[in-house]
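Participant: Go ahead and model the full structure; you've got the sequences and the hints to work with.
The opening residue of the sequence shown carries number 2 in the working numbering; numbering runs sequentially from there.
I should point out that these hints are in silico values taken from the structure, not numbers from a laboratory. Built from N, CA and C at the ideal position, the CB exists for glycine as well.
DSS-like, lysine-lysine: derived pairs with alpha carbons at most 27 Å apart:
#1 Lys26 - Lys14
#2 Lys55 - Lys78
#3 Lys26 - Lys5
If you anchor each label on the Cβ, the simulated ranges turn out as follows:
#4 Thr56 - Asp6: 20 to 26 Å
#5 Gln83 - Ser61: 23 to 29 Å
#6 Glu108 - Asp32: 16 to 22 Å
#7 Lys41 - Ser98: 26 to 32 Å
#8 Glu17 - Lys55: 24 to 30 Å
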Amino acid sequence: MNYKDLLTTIGFKSQENTVGISSKKYQQSGDYRIEVDFEKNVIDYGNLIGFGSKTTQNFSQAENFVVLECVNRLLEKGYKPQNIILEKTYPAGHGTSGRLDICVTREDNSEYLLIECKTYG
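Facilitator: In structure tokens, the structure reads:
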């Protein structure tokens with residue numbers, strides 16, 4: 002898959018005076034910005050979106066771009082970046098745990114949406 006084409010399709014633009022960086026501003030979130038650096042293979046979700054782990058902030062798996070597209074849609078729909086947590090760890094019973102791709106919380110920090118992203122096929 003051509004990730005640059007995907008980003009263009011969902012509204013990301015090449016940043017001026019940079020090489021290989023695309024970004025998108027979300028006006029409804031106070032011009033919050035997400036940047037994707039193709040030179041470093043890094044997805045920068047900014048400083049308000051929370052993380053339980055940083056495994057979705059790179060290009061190592063195609064699913065990371067599915068997570069990016071989902072976060073993009075959540076922000077476009079007006080969800081606040083500070084209410085989004087990526088790779089949240091949760092207890093799974095018998096002393097085990099798992100990781101959820103995206104958790105959206107209410108203003109009181111209670112969980113509202115639990116999203117597991119998958120690639121096509």
